[in-house]
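J.: Residue strings, one per chain:
2 protein chains.
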Amino acid sequence: MSDATAPHPFDDALELERLSPGTYIGRTSAPYNNMVGPFGGLTAATFIRAIERHPDRLGDPISLTINFAGPVAEGEFEITTRAVRTNRSNQHWYLELSQNGEIATTATAVFGKRRETWDDDEATAPAAPAPSELELGGFPEFIAWARNYEMRFAAGALSEEKSEDSTITLWVRDTPSRPLDFASLTSIADIFYPRVFQRLGTYVPAGTISLTIHYFATAEDLKTQADSYVLAHAQSRRFHKGYFDQSAELWGSDEKLLATSHQVVYYKV
Amino acid sequence: MSDATAPHPFDDALELERLSPGTYIGRTSAPYNNMVGPFGGLTAATFIRAIERHPDRLGDPISLTINFAGPVAEGEFEITTRAVRTNRSNQHWYLELSQNGEIATTATAVFGKRRETWDDDEATAPAAPAPSELELGGFPEFIAWARNYEMRFAAGALSEEKSEDSTITLWVRDTPSRPLDFASLTSIADIFYPRVFQRLGTYVPAGTISLTIHYFATAEDLKTQADSYVLAHAQSRRFHKGYFDQSAELWGSDEKLLATSHQVVYYKV
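Heads up: the sequence lines are chains A and B, in that order.
To convert, note that position 199 of the first sequence is 198 in numbering that gives the first Met the number 0; the numbers rise steadily by one, no gaps.
To convert, note that position 160 of the second sequence is 159 in numbering that gives the first Met the number 0; the numbers rise steadily by one, no gaps.
These are computed hints drawn from the structure, not numbers from a lab.
Hints should not be assumed to be uniformly reliable.
Note: identical chains are not told apart, hence a pair may lie in one copy or across any two.
[Stated by the list, open to error] Okay, derived cross-link-like pairs now, DSS-like style, lysine-lysine, Cα gap no bigger than 30 Å in a straight line:
1. 222 / 161
2. 240 / 161
3. 255 / 112
4. 112 / 222
5. 255 / 267
6. 161 / 267
7. 112 / 161
Here the structure is a predicted model, which means the values were calculated and not measured.
Just chain A, same shape as in the assembly (with noise of 0.2 Å):
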């Protein structure tokens, strides 16, 4: 069904018109949007495409801190990446995106070069069933954003059931299919719904207020993966007075860590 020419609908949603080396415009997109305004994946996917236009851009990701603000409003917005420091093999950026003069996200982000070090592989993929044994899963129509994302759930699954454990374990991937890059595997560290939702099996207000990620996987690791599933996972440890916390990890189809995130939630009930 898709048109082989169009370009793939989050390639779309992450087109930057460059006023300057560093500062862009760009507008949401749709297909991308949550509830209220843009998918906070898709923001952040944002800022690391940004970076990576920009030409001074030295290596690939090694982690971002994205701060949700305030609200996106729909249509135009600008940012504004400016390389802080660049060092020999790294190099620190701070990131602003704006609307109408008003700062609606901020970012710190880490570029830099891999070299061949002693590796380990410390942590261990969680266990999983096959994707082809699990049912397509998803979120309610009314979340645009999800549609692009094919999800198996083997553990959390929206319900309205109380759940004890805030655990959620699914394969991902981008729907049409897509091969992993830096912005799409920063997308999906976002791709979990709020953990409290799970916990109380009811929608409440939640939105993430700060969201990290670090990266592991190098532009190599990523052609491994190609656009094979991710197994991605995410847990909380503590709910306390309004915000709680979300640890995830996203493991590539080669049980390689490809990235985790940390999040930090608001939340009323």
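With chain A held as given, fit chain B onto it using these hints.
T.: Chain B only, in chain A's frame:
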């Protein structure tokens, strides 16, 4: 032995001279030096203190991400703090630490007010013997900052043995004792020596690139904690091509989670 009228060395080290609202001059403090430059936990704490001293500050720390962009030399440094956006219940900050006009460290922080909500402690504290059952441990004499902490290791004491497991668990508190506040909690979030040392049983070049702290404790929770031991626990997931991660939990003496920290660390082996 301590002079009851003198400020605690930690408060000494955090002292800031205000140049203008939001701009401060600080000075590195020999008792909190690391092998090269200041202890990263102290720099993180200094950022928290700088925001706390800002006349426009709203609420208490919710999250902090600090990026170690370059070395900090002994002597004076300047910290600038900017409230990027202030909402009704939270506030977003961007901070820089510079020396001679060159940026050495950046940070973003979210401060906020907390409210009564449905709360739950989902994670549980790691098992560890009581502090009184563990011997006093520590770091080698040349790691100055470590002498300001009483450390009692349940797992992961410094050793020249290789280990298959990066897990470290210790009871820690300031010495001389000092009631826990947000600044000292921040500093303790970086108390762990690089996990790669533990895995390899030897020192290798390593340094934190980016450190994120998520705060659960309220000011009242910290009052309850007072100067009791904090149970600090950390582990790495993956060591890959020059970078590894470390996630940490800081538990109060009442088995409540006070904060988590997540860092990405550069290494060369």
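J.: Checking each numbered hint in turn, tell me which of them this model violates, lowest number first.
T.: 1
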